[in-house]
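Asks: Let the hints inform the model, and build the full structure from the sequences given.
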Amino acid sequence: MKKKSRVFSFLYIILCYLFFYVPILVTVVFSFNSSKSLTKFTGFSLRWYTQLISDQEIMAAVYVSVSIAIFATAISTVLGTITAIGMSKSKKVLRDTLLSVNNIPIMNPDIVTAIGLMILFSSMMIAKGYITMLLAHVAFCTPYVITSVYPKVRSLDDSLANAAMDLGATPFQTLMKVIIPSIKPGIYAGILLAFTMSFDDFVISYFVTGNGVQNISIIVYNMTKRTNPTINALSTIVIAVILVALIIGNVVPAIYNKRKDKKVKMEENAN
Amino acid sequence: MADMGNCIIELKGITKTFDDQQVLRGIDLNIYENEFLTLLGPSGCGKTTILRIIAGFIEADGGELLFNGIDISKVPPYKREVNTVFQKYALFPFLNVYDNVAFGLNIKKVDKTIVDQKVKKTLKLVGLEGFDKRDVTLLSGGQQQRVAIARALVNEPKVLLLDEPLGALDAKLRKEMQVELKKIQQEVGITFIFVTHDQEEALSMSDTVVVMNEGKIQQIGTPVDIYNEPENRFVANFIGESNIIGGNMIRDCLVRFDDVDFPCVDKGFKENEEIEVVLRPEDIDIVEPEKGQLVGEVTNVVFKGVHYEIMVETDKRQYKIHTTDIQEVGTKVGLCVDPDLIHVMYTMEY
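Protein sequences appear in the order of chains A and W.
Using the numbering used here, the first residue of the first sequence is number 1, and each one after it goes up by one.
Using the numbering used here, the first residue of the second sequence is number 1001, and each one after it goes up by one.
Incorrect hints may appear among the rest.
Incomplete in silico selection of chain A near chain W, CB under 8 Å [unchecked claim]:
#	residue
1	S159
2	L160
3	N162
4	A163
5	M165
6	D166
7	G168
8	A169
9	T170
10	Q173
11	S182
Using C-beta positions, here's what the derived DEER-type ranges look like [to be verified]:
#	chain 1	residue 1	chain 2	residue 2	range
12	A	N250	W	V1188	43 to 51 Å
13	A	F71	W	I1114	37 to 45 Å
14	W	G1044	A	M107	38 to 46 Å
15	A	K258	W	K1124	29 to 37 Å
16	W	G1127	A	S90	39 to 47 Å
17	W	G1069	A	V252	52 to 60 Å
18	A	T196	W	L1066	54 to 62 Å
19	W	K1124	A	G249	35 to 43 Å
20	A	T196	W	G1044	44 to 52 Å
Here are the simulated lysine-lysine pairs, DSS-like style, with alpha carbons at most 27 Å apart [unchecked claim]:
#	chain 1	residue 1	chain 2	residue 2
21	A	K177	W	K1124
22	W	K1183	W	K1088
23	A	K89	W	K1079
24	W	K1183	W	K1120
25	A	K177	A	K89
26	A	K177	W	K1108
27	W	K1118	A	K177
28	W	K1124	W	K1108
29	W	K1175	W	K1088
30	A	K89	W	K1074
31	W	K1158	A	K177
32	W	K1124	W	K1109
33	A	K184	A	K92
34	W	K1079	A	K177
35	W	K1124	W	K1182
36	W	K1012	W	K1079
37	W	K1074	A	K91
38	A	K91	W	K1088
39	A	K177	W	K1112
40	W	K1109	A	K177
Keep in mind that the hints were calculated from the coordinates and are not lab data.
Cβ atoms here follow ideal geometry from the backbone N, Cα and C, with glycine treated the same way.
Replies: This is the structure we're talking about:
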């Protein structure tokens, strides 16, 4: 009886994982296909990768996606962190209101935000293009940064800032040398969230861009209207980058901690 | 007693209100160079508020705060020549022991070799030699405490403020740190302002004790004065144990309470003035019933380690007595007090 249920649960997990990963696997496999077919694997080739690199339009889109993600992350991290610190110091009524208001853009369907921003830019006569896309990304990334930084700021011991000032640090030095280092985990989480939100955004970007500026999502959307394995090649590269980033993100801290433990132990033995 | 120099900090009529609640009701206090001064009182009496006003974290509503004769009430905390040891240490968790201690000097852009010398010297002073690279979050409470003291002392402040720094330590470690803190204070020769609610801590470490209650100073004096000559009922009750009895001053050196006249050494009261008498439990002697000034019956005996706590019921009240001689419950005993151990004080206004 027990054994049977264990077999069942194992099968269930396998099915789940297949469901998650088969589409990705298919994409990766067919990016190496020698023919244009998406159903029949005719042989290994790097044809689509060479085509991808030589395709000016796709490379431009990669540049737009990456640069927007970097700039939007940087700007929204600074904005969100400062806002979170300011909120923690303000009166309860204001703080609670700001927190609820901050949740609206997160809960709001992207399409509503997208149309809202589009109308805003049009009514203000701002020419749509790279700048409007960047502004829109900053707008929807900042609430995520606030949400991830704010709890860290709240749990910060007030006396840490007092201690820094007591030791001669000006308010700005206190911010840079004590408050920011103390809330680093929250800021890192915010950066990660903002970057992923910005990098894979389609709906909002699609509505606020113009003048031929496209990011990866938009160009992929436009290309899917005809069969084009170049998309598979592009997707495979993105998957590979994410995989490497995840491995580095998980393995490096583990190694670092192990080394630190070893060092502390060695020092203790030496003492 | 340390030899005290000039007045370094002067508080004149300091008041402070938080949310309609008056926390400080006019504090006048002079703090001298090299003094170990303790602010003692129950929680909520305003002692920490005074410390925070001196450090500059909060501003007083009224009154003057003078540092070497100059008003500093508008000077921000980072420009004041005082340093604080916080209640929960407030060490920077992302810095190691060395960098925590060096923080203040690095902010002031002191030359690296001088920083190194000073940090090493201060760590040695607090007994943490060789702990430089340790993670502060992995230290014990006592060690974190020492780092906090070193971090403040390394800046060579004129005044060190300590906000209940021993509160989080266990009883034994606390005793050790009391001795050590006193030693450090004598070694560096600077003013310590120490906040505590622990009367024993206050009495054993301080040159001057300031007893506070409800935002007011009740008494300022040496530990001996505070214990032997409490000025009012609050001080007598808060510091040590006492029997407090209402009575009348018949004339100089004669006080009447419980319908008995006792010779005493207090003078200068009005004739027949209503007063209160403090009798410390250890100052009452148990004698034969016929030799006693008061007569009563032993109702309860509790062993307290060094002494017994004996309750004696007279026809007027219960007396608490500390003695090393055991008594049987139910025995008739006489009570005697030496004239110089009777302390007469004015009745409290409220």
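Asks: Hint by hint, say whether it matches the structure.
Replies: So, going through the hints one by one against the coordinates:
1. S159: holds, 4 Å
2. L160: holds, 5 Å
3. N162: holds, 5 Å
4. A163: At about 4 Å, which falls below the 8 Å cut-off, the nearest Cβ of chain W leaves the hint on A:A163 intact, so it holds.
5. M165: holds, 5 Å
6. D166: holds, 5 Å
7. G168: holds, 5 Å
8. A169: holds, 5 Å
9. T170: holds, 6 Å
10. Q173: holds, 6 Å
11. S182: holds, 6 Å
12. A:N250 - W:V1188: 43 to 51 Å: holds, 49 Å
13. A:F71 - W:I1114: 37 to 45 Å: holds, 43 Å
14. W:G1044 - A:M107: 38 to 46 Å: The hinted range 38 to 46 Å holds for W:G1044 and A:M107, with Cβ atoms some 43 Å apart.
15. A:K258 - W:K1124: 29 to 37 Å: Holds, at about 32 Å.
16. W:G1127 - A:S90: 39 to 47 Å: holds, 43 Å
17. W:G1069 - A:V252: 52 to 60 Å: Roughly 57 Å apart at Cβ, these two residues keep to the hinted range, so it holds.
18. A:T196 - W:L1066: 54 to 62 Å: For A:T196 and W:L1066 the Cβ distance comes to about 57 Å; the hint holds.
19. W:K1124 - A:G249: 35 to 43 Å: holds, 42 Å
20. A:T196 - W:G1044: 44 to 52 Å: holds, 49 Å
21. A:K177 - W:K1124: Within the cut-off at roughly 26 Å; holds.
22. W:K1183 - W:K1088: holds, 22 Å
23. A:K89 - W:K1079: holds, 22 Å
24. W:K1183 - W:K1120: holds, 18 Å
25. A:K177 - A:K89: holds, 18 Å
26. A:K177 - W:K1108: Distance ~13 Å between A:K177 and W:K1108 Cα, so the pair holds.
27. W:K1118 - A:K177: With Cα atoms ~21 Å apart, W:K1118 and A:K177 stay inside 27 Å; holds.
28. W:K1124 - W:K1108: holds, 22 Å
29. W:K1175 - W:K1088: holds, 18 Å
30. A:K89 - W:K1074: holds, 21 Å
31. W:K1158 - A:K177: Holds, at about 25 Å.
32. W:K1124 - W:K1109: holds, 23 Å
33. A:K184 - A:K92: Roughly 24 Å between the alpha carbons, so the hint for A:K184 and A:K92 holds.
34. W:K1079 - A:K177: Judged against 27 Å, a Cα distance of about 18 Å means the pair holds.
35. W:K1124 - W:K1182: holds, 16 Å
36. W:K1012 - W:K1079: holds, 21 Å
37. W:K1074 - A:K91: holds, 24 Å
38. A:K91 - W:K1088: holds, 25 Å
39. A:K177 - W:K1112: holds, 18 Å
40. W:K1109 - A:K177: Between W:K1109 and A:K177 the Cα gap is close to 14 Å, so the pair holds against 27 Å.
Checked against the numbered hints above, the structure breaks none of them.
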